[in-house]
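Protein chains: 2
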Amino acid sequence: MKIAFVIYDNVTLLDFAGAYDPLTRLKTMGFMPDLTYDICARKECIRSAEGAELSADRVGCDLSSYDYVIIPGGEGIQQLMKDPAFLRWISVASEKTTVAAVCGGSLLLGAAGLLRTRKATTHPRLMNILENFVGDVSTDRIVDEGNIITAGGVTAAIDLGLYLCEKIAGAEVRGKIQVQMDYRCYRIV
Amino acid sequence: MKIAFVIYDNVTLLDFAGAYDPLTRLKTMGFMPDLTYDICARKECIRSAEGAELSADRVGCDLSSYDYVIIPGGEGIQQLMKDPAFLRWISVASEKTTVAAVCGGSLLLGAAGLLRTRKATTHPRLMNILENFVGDVSTDRIVDEGNIITAGGVTAAIDLGLYLCEKIAGAEVRGKIQVQMDYRCYRIV
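Protein sequence lines, in the order shown, are assigned to chains X and C.
Take the first sequence: its position 153, counted from the start at 1, is 152 in numbering that gives the first Met the number 0, and no numbers get skipped.
Take the second sequence: its position 189, counted from the start at 1, is 188 in numbering that gives the first Met the number 0, and no numbers get skipped.
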């Protein structure tokens with residue numbers, strides 16, 4: 000099992016960290032010792048929307064070699080939605096892996112043409128933009144369309160991470176991770 | 000208004016990012032244009048407990064020059080609780096500023112001797128260690144003792160961040176930030 004966490008300049012740090020925490024606990028809490036995960040970007044070092052500087056573990060790697068690819072949102076999506084190379088990078092992933100997007104990350108999937116016949120969700124304030132790209136807009140916290148999963152705004156990253164923990168390792172493991180995160184409102188909408 | 004976000008090797012990324020997101024929105028959403036904030040560490044680059052590499056904005060800076068100092072938890076506290084230089088660094092801050100700790104960060108305040116006559120909280124699984132250092136252990140999500148504030152485990156960082164937003168800028172601003180974070184369970188215990 001391999002998970003890629005995509006980051007880019009002007010990503011919202013919590014969009015990334017919210018999913019990164021529960022999913023990496025699959026390994027750090029001993030449930031899946033063989034799990035590996037990488038922070039993936041198109042350059043070595045990125046600066047978040049808030050100004051935090053974060054290093055990538057892998058640069059420009061083949062995202063299709065991962066089982067799950069997690070795509071956060073953030074101001075940076077404005078540029079990336081018009082960046083064919085970036086959109087190609089994440090599109091390739093969608094052919095073989097499960098791609099899961101949080102918040103504005105859904106708009107990246109939309110701009111890449113991956114949501115045309117799908118139901119999808121995003122940040123409540125981005126719904127009107129998402130409408131241009133999807134078959135069916137949803138206000139659900141998480142929308143699971145098989146190999147494309149989308150989630151609501153910012154803190155929905157935590158719910159998405161826990162949701163994927165359950166999908167990967169079952170409800171009992173998800174529950175233990177949730178307790179360790181002291182998170183008392185899984186999927187409250 | 001100046002806020003310091005402390006990080007260190009083996010910090011839990013979400014402990015940091017959970018408070019960093021709402022508090023930095025005080026500036027990025029335009030409520031407090033003059034707010035400044037720094038990520039502060041004792042070295043230039045740290046690696047989180049999960050393996051993420053993060054750069055500090057300031058190294059070994061004088062924490063007492065900030066209005067708020069935020070201290071996250073993570074495995075790294077095991078070493079830091081025995082590190083007199085680190086404990087001195089955060090102790091100096093407590094004399095002039097408000098220090099707010101999340102999760103295992105409370106144990107750092109405890110080891111620094113800052114909680115002896117205080118009520119404080121931490122991660123539910125760390126309560127028995129915190130007992131050694133404090134006047135009164137609480138299971139509340141947030142405990143506000145004036146210039147020392149403590150919060151529960153990991154995701155309590157988000158509640159702490161929002162709580163401080165309200166303390167600094169009022170309930171209306173906190174509400175707007177919470178909506179933008181798509182966070183629907185502020186201080187649910």
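Rather than coming from a laboratory, the hints here were simulated on the basis of the structure.
Glycine is no exception: its CB is placed at the ideal position from the N, C-alpha and C atoms.
Treat the hints loosely; a few may be bogus.
Listing some non-contacts, in silico: residues in chain X with all C-beta distances to chain C over 10 Å [said to hold, decoys possible]:
| hint | residue |
| --- | --- |
| 1 | R57 |
| 2 | R117 |
| 3 | E130 |
| 4 | E171 |
According to the in silico footprint, chain C covers these stretches of chain X (three or more CB under 8 Å from chain C) [what the hints assert, rightly or not]:
| hint | stretch |
| --- | --- |
| 5 | 46–55 |
| 6 | 86–92 |
| 7 | 102–115 |
| 8 | 149–161 |
Hint by hint, here is what the structure shows:
{"no.": "1", "hint": "R57", "in the structure": "holds, 12 Å"}
{"no.": "2", "hint": "R117", "in the structure": "holds, 20 Å"}
{"no.": "3", "hint": "E130", "in the structure": "holds, 18 Å"}
{"no.": "4", "hint": "E171", "in the structure": "holds, 18 Å"}
{"no.": "5", "hint": "46–55", "in the structure": "holds (count 7)"}
{"no.": "6", "hint": "86–92", "in the structure": "violated (count 0)"}
{"no.": "7", "hint": "102–115", "in the structure": "violated (count 1)"}
{"no.": "8", "hint": "149–161", "in the structure": "holds (count 6)"}
The structure fails hints 6, 7 (numbered hints given earlier, in ascending order).
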